[in-house]
Amino acid sequence: MHDAGVVRYDMQMPHNGFVRKLWLAKNYPITGSGKMMGILMSAEDVTTLFNPDEYAQERIAYLEHVIEINQSKDEFISIASHQLRTPATGVKQYIGMILEGFFGDVTPEQREVLLRAYESNERQLRIVTDLLKVAQVDAGKVMLHFEKFDINTFTRKIIRDNKDTMKRRKQLLKFVPSAHAVSVLADPETMHMVIENILDNASKYTDIGKTITVEVNDASDTVRISVIDEGVGVPADKVDKLFEKFSRIENELSTKVGGTGLGLYWAKKIIDLHSGDIVYNPNTGGGSIFEIVLPKQKKV
Amino acid sequence: MKSNMTKKTAAILVVEDDVALNEAYRTILGSVGHKVVTAFNGREALELLEGMAEEPEIILLDLRMPVLDGVGFLKEFKPNEHPDVTVVVFSNYDAHKDIDEAYALGVDRYVLKARAAPKDLLHLVDSIIEEHSADADNDIEPEA
Numbered sequence: 190m191h192d193a194g195v196v197r198y199d200m201q202m203p204h205n206g207f208v209r210k211l212w213l214a215k216n217y218p219i220t221g222s223g224k225m226m227g228i229l230m231s232a233e234d235v236t237t238l239f240n241p242d243e244y245a246q247e248r249i250a251y252l253e254h255v256i257e258i259n260q261s262k263d264e265f266i267s268i269a270s271h272q273l274r275t276p277a278t279g280v281k282q283y284i285g286m287i288l289e290g291f292f293g294d295v296t297p298e299q300r301e302v303l304l305r306a307y308e309s310n311e312r313q314l315r316i317v318t319d320l321l322k323v324a325q326v327d328a329g330k331v332m333l334h335f336e337k338f339d340i341n342t343f344t345r346k347i348i349r350d351n352k353d354t355m356k357r358r359k360q361l362l363k364f365v366p367s368a369h370a371v372s373v374l375a376d377p378e379t380m381h382m383v384i385e386n387i388l389d390n391a392s393k394y395t396d397i398g399k400t401i402t403v404e405v406n407d408a409s410d411t412v413r414i415s416v417i418d419e420g421v422g423v424p425a426d427k428v429d430k431l432f433e434k435f436s437r438i439e440n441e442l443s444t445k446v447g448g449t450g451l452g453l454y455w456a457k458k459i460i461d462l463h464s465g466d467i468v469y470n471p472n473t474g475g476g477s478i479f480e481i482v483l484p485k486q487k488k489v
Numbered sequence: 087m088k089s090n091m092t093k094k095t096a097a098i099l100v101v102e103d104d105v106a107l108n109e110a111y112r113t114i115l116g117s118v119g120h121k122v123v124t125a126f127n128g129r130e131a132l133e134l135l136e137g138m139a140e141e142p143e144i145i146l147l148d149l150r151m152p153v154l155d156g157v158g159f160l161k162e163f164k165p166n167e168h169p170d171v172t173v174v175v176f177s178n179y180d181a182h183k184d185i186d187e188a189y190a191l192g193v194d195r196y197v198l199k200a201r202a203a204p205k206d207l208l209h210l211v212d213s214i215i216e217e218h219s220a221d222a223d224n225d226i227e228p229e230a
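Note that the protein sequences, when read in sequence, are chains W and G.
So for the first sequence, my numbering puts the first residue at 190; every next one is plus one.
So for the second sequence, my numbering puts the first residue at 87; every next one is plus one.
This is chain W alone, in the form it adopts within the complex:
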């Protein structure tokens, strides 16, 4: 085998906002009988061989530019979300008034249609709220007010507040506290939202008639809050995507649930800010286990 000669040329190519210098080589390998086997092409990125300083400066300028774009993106999302909330709040008031009988009786058929419109609008408000929360956490604008409290009492209250919702879905909500009170240093407001978010997911991705168990376990220097469901679970090859932004994992209930793909991303970010972690494990009997791991003392 020999070749018909190598053709080389230089090329400049825009990539991620700055110019890369490439060396390209094109070769035509030919068999012993003189038949051309195909075209062989190779490309080598040689940007750094030329003016490495200039390259570094370009890269810094580029990164600064990216940070700036990100900031204006976060700001844009925040403003847009707030602006979107106002008209949706108006829809809520007007449909709410009709549903609440302000303008006289509505027929059952009308009520059903109005309820759908109302629910649809509620969903839009939830999406806007999620977008806002994510924009705030991405921009580093979430203010946490750390307090010391007993996680058992705290979790029990959340369970109590959510029991009726679960009951309506004909699901049983069980709570298994740790043997003794465990104090954590955390921001109660966001922590409440994180636990509720995971609980809500567990319920939505679990069929009626099943049980959801919340356990508090006291390990030596951490405390673990586990939400265990008997639901559809997460396929092994999708686990990596669980906490990514806008990740939606397809399963038999996902269309019905209609989530935003932002809840778990936000929850993970919040737990990161607590120097903790959220871990997913499959439930051996089918379903999911989401475990919030919190340090007992806030690491500085």
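Everything hinted at is true.
Below, computed lysine-lysine pairings styled on DSSO-like, alpha-carbon distance capped at 30 Å:
id	chain 1	residue 1	chain 2	residue 2
1	W	Lys262	W	Lys434
2	W	Lys457	G	Lys183
3	W	Lys427	W	Lys363
4	W	Lys337	G	Lys183
5	W	Lys346	G	Lys183
6	W	Lys393	W	Lys359
7	W	Lys330	G	Lys161
8	W	Lys352	W	Lys434
9	W	Lys356	G	Lys205
Just so you know, the hints here were simulated from the structure itself, not pulled from any lab data.
Chain W is already provided as a structure; the job is to place chain G on it using the hints.
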């Protein structure tokens, strides 16, 4: 729903720049006999208050408004100097910063507008009226 929701009524000033919401709140509160006056920004609200013979018992205040926003209104109105007026911030901004600032300026309650359905608004007003009558022990004249 409409009947017997509220046993007592109150004079309420709604400060909201969104026309649809302003009108909605007027309709909701008016439906059970509350006396509602509305303004579209903080400046208008202050002017209305100046011309009133009697202060309203409740002010529902939006934060982001043109001309004079909610915070600007609070700084001039000074809720702490009006102990008989309950100021409720009715906003779609729920950042800690906004909430803290409003409370620091003497606001009594902070409600996320998007969460409050018409019946929630009526319950809120009822509970404030109840608090007022418990405080002052003199009932507000019911409006027919």
